[in-house]
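Heads up: the protein sequence lines correspond to chains A and B, in order. Per our numbering, the very first residue in the first sequence carries number 227; after that it's consecutive. Per our numbering, the very first residue in the second sequence carries number 35; after that it's consecutive.
Simulated from the structure, these hints should not be mistaken for laboratory data. The structure presented is a predicted model; accordingly, all values stated were derived computationally and were not measured. Take these hints with a grain of salt, some might be off.
[Stated by the list, open to error] Here are the in silico distance ranges between beta carbons for each label pair:
#  : chain 1 : residue 1 : chain 2 : residue 2 : range
1  : B       : G202      : A       : G267      : 21 to 31 angstroms
2  : A       : V325      : B       : D233      : 46 to 56 angstroms
3  : A       : A512      : B       : G190      : 45 to 55 angstroms
4  : A       : D320      : B       : R146      : 40 to 50 angstroms
5  : A       : H448      : B       : A257      : 46 to 56 angstroms
6  : A       : A512      : B       : R146      : 45 to 55 angstroms
7  : A       : A289      : B       : S57       : 57 to 67 angstroms
8  : B       : A265      : A       : A321      : 35 to 45 angstroms
9  : A       : A459      : B       : G171      : 22 to 32 angstroms
10 : B       : T142      : A       : R402      : 19 to 29 angstroms
11 : B       : F141      : A       : M514      : 24 to 34 angstroms
[Unchecked claim] Pairs of lysine to any residue residues, derived as SDA-like cross-links and limited to a Cα-Cα distance of at most 20 angstroms, are as follows:
#  : chain 1 : residue 1 : chain 2 : residue 2
12 : A       : K380      : B       : G140
13 : A       : K318      : B       : Y47
14 : A       : K380      : B       : G128
Cβ atoms here follow ideal geometry from the backbone N, Cα and C, with glycine treated the same way.
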Amino acid sequence: MNPLDYLLEPLAYDFMQRALVVTVVASAVCALLSCWLILIGWSLMGDAVSHAVLPGVVLAYIAGVPFAIGALIFGVGAVFLIGAVRDTTKLKEDAAIGVVFTTLLAFGVVLISVTPSQTDLSHILFGNLLGLSIADVGQIVVLAALAGAVLILKRRDLTLFAFDPTHAHAMGLSPRRLSALLLGVLALTVVVALQAVGVVLVVAMLITPGATAFLLSRRMSHMLVLAPVLSVAAALVGIYVSYWANTSSGGMVVLCQGILFTLVYLFAPRRGLLATRIALQRRKHALMQESSPGF
Amino acid sequence: MSAIDVAGITVRYGDLVALDKASISVADSRVTGLVGVNGSGKSTLFKSILGLLTPESGTVLVRGMTPAAARRAGVLAYMPQNEGVDWDFPVSVGDVVMMGRYGSQGFTRRVRAIDRTAVAEALARVELDTASSRQIGELSGGQRKRVFIARAIAQGATTLLLDEPFAGVDRRSEATITALLRSLSAGGASILVSTHNLDSLTALCDEVFLWNRRTIAHGTPDAVLTTHNLARAFGDTRGDARGDTHGTTSDEATR
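Excised from the complex, chain A in its bound form (with noise of 0.2 angstroms):
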């Protein structure tokens, strides 16, 4: 077989070319938001948002409205919830966080289980990137756009807001709003992601690229590059893997850009493991040869 047709031969399907849409543009607008959730100390906040939208996209399906809108009303309601138990008691915030998602998310478990056409919702767990509907991929695809327009007009106030708030504040910009910002587009985000690869794996999407180009750049702007593109390459090698391997779809996608972090960690020119270990041993050679004797 000639090597192109490796690319090629599953473009010839409807369903993987849907999915392969849906896979690029997910991926992208979850590493842009990726690089602000890790540098704000938000990963498990995107965490508890995308696992505590489940019970508002199964009502969602039961009431026959879009997804993005149960989504959106249960992503905002889990951030308020988690504010109000951090707030009014003295539990620290990654309990409060542990508590409300969780339960949110049995909640929506609960909900699938009473709900007819059980192997439908069981999709949007585990995702059903091979199954999306021409009416599905139009939907991600403007939130998506939504999304990430916000990002990049917004990019320049949400990083000085994760930088130094209180500047911010004193600036006469408002830190709670820009923060309602961020977070109303996570849930938004999560929405675009979870149908390419559920909601169990969309927390991988919302952090793994953000941390690897971290490893690779110190300049945000350069991060909010190398994010998207990273993760797009993974993505797109992720879902290749899956067709010919016939692997589950949306878990090869996390699993390669998992991959790619550990490649980045292992290898990255400053901050990889390797460069700084070597770092540290020429130090510490170049201390000895000063030490030693006759020297």
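Assemble chain B onto chain A, guided by the hints.
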């Protein structure tokens, strides 16, 4: 008109009284020191001036405006403590100084030529023009402080709040920063410096407020920093910091 006018504000955190009918007036074109131990309410005073919290009583005016109006007018700048900054954050020195310009820029904060000039001038003023593209964590303690001063300059702020500007700074940088702040105030800026470090106050400040939940003493550094006053401010501090009403100091001002 004074730059900052705080009149009789009280702030409580639960049972703890952080500021007790506190008043302070920061004069125009001067460097004013705010001296007190940790827990004496210095940070709470800063937060009240910035409008990060609203006192339960009393008023705060910045250049005659409410804190919210002052923020919108862009007259306020704040320099955080070392611990308040993520030094691994992927921003360069130039990026941070550019953040001072956001208040006057459009919706997407598009960088204009005037912004570039302002940032370059601010960096030159603090002698960091060659460090513009370096990541902030690569700088020394004193250089890090100067980045935030440059940000205030680029912003065009006239009222600066500096939180512990000499923490983690070596002697030489301290002298550089002192000279820089003196020249800024000579140019019209009002600077309020919070510190628990008594060295260098005489060189830096025109006047000093000795602070423990309210003003204990006020005047020129030499007049205020007497053994007697310091004992009043620093003597039974631990009890006061905890809001302990059974402290051993006999002074009513700390009550």
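Hints, one by one, checked against the model:
One distance hint, 21 to 31 angstroms for the beta-carbon pair G202 of chain B and G267 of chain A, holds here, with the actual separation near 23 angstroms. About 49 angstroms separates the C-beta atoms of V325 of chain A and D233 of chain B, a value consistent with the hinted range of 46 to 56 angstroms. A beta carbon spacing of about 47 angstroms between A512 of chain A and G190 of chain B agrees with the range 45 to 55 angstroms that was offered as a hint. Roughly 42 angstroms separates the CB atoms of D320 of chain A and R146 of chain B, a value that falls within the hinted 40 to 50 angstroms.
In this structure the supplied range 46 to 56 angstroms holds for H448 of chain A paired with A257 of chain B, their Cβ-Cβ distance being about 53 angstroms. Separated by about 47 angstroms at the C-beta atoms, A512 of chain A and R146 of chain B satisfy the suggested range of 45 to 55 angstroms. Taking 57 to 67 angstroms as the suggested C-beta distance range, the pair A289 of chain A and S57 of chain B conforms, at roughly 58 angstroms. Hint check: A265 of chain B to A321 of chain A, Cβ distance near 44 angstroms, so the stated range 35 to 45 angstroms holds.
Between A459 of chain A and G171 of chain B the beta carbons are some 29 angstroms apart, a value that agrees with the proposed interval 22 to 32 angstroms. At roughly 20 angstroms, the beta-carbon separation of T142 of chain B and R402 of chain A lies within the given 19 to 29 angstroms, and the hint holds. F141 of chain B and M514 of chain A have their C-beta atoms about 58 angstroms apart, which leaves the hinted 24 to 34 angstroms range violated. With a C-alpha separation of about 11 angstroms, the suggested pairing of K380 of chain A with G140 of chain B holds against the 20 angstroms cut-off.
Taken as a hint, the K318 of chain A and Y47 of chain B pair is honoured in the structure, with Cα atoms around 18 angstroms apart against an allowance of 20 angstroms. With a C-alpha separation of about 19 angstroms, the suggested pair K380 of chain A and G128 of chain B falls inside the 20 angstroms cut-off, and the hint holds.
In the structure shown, a violation is registered for the earlier hint numbered 11 alone.
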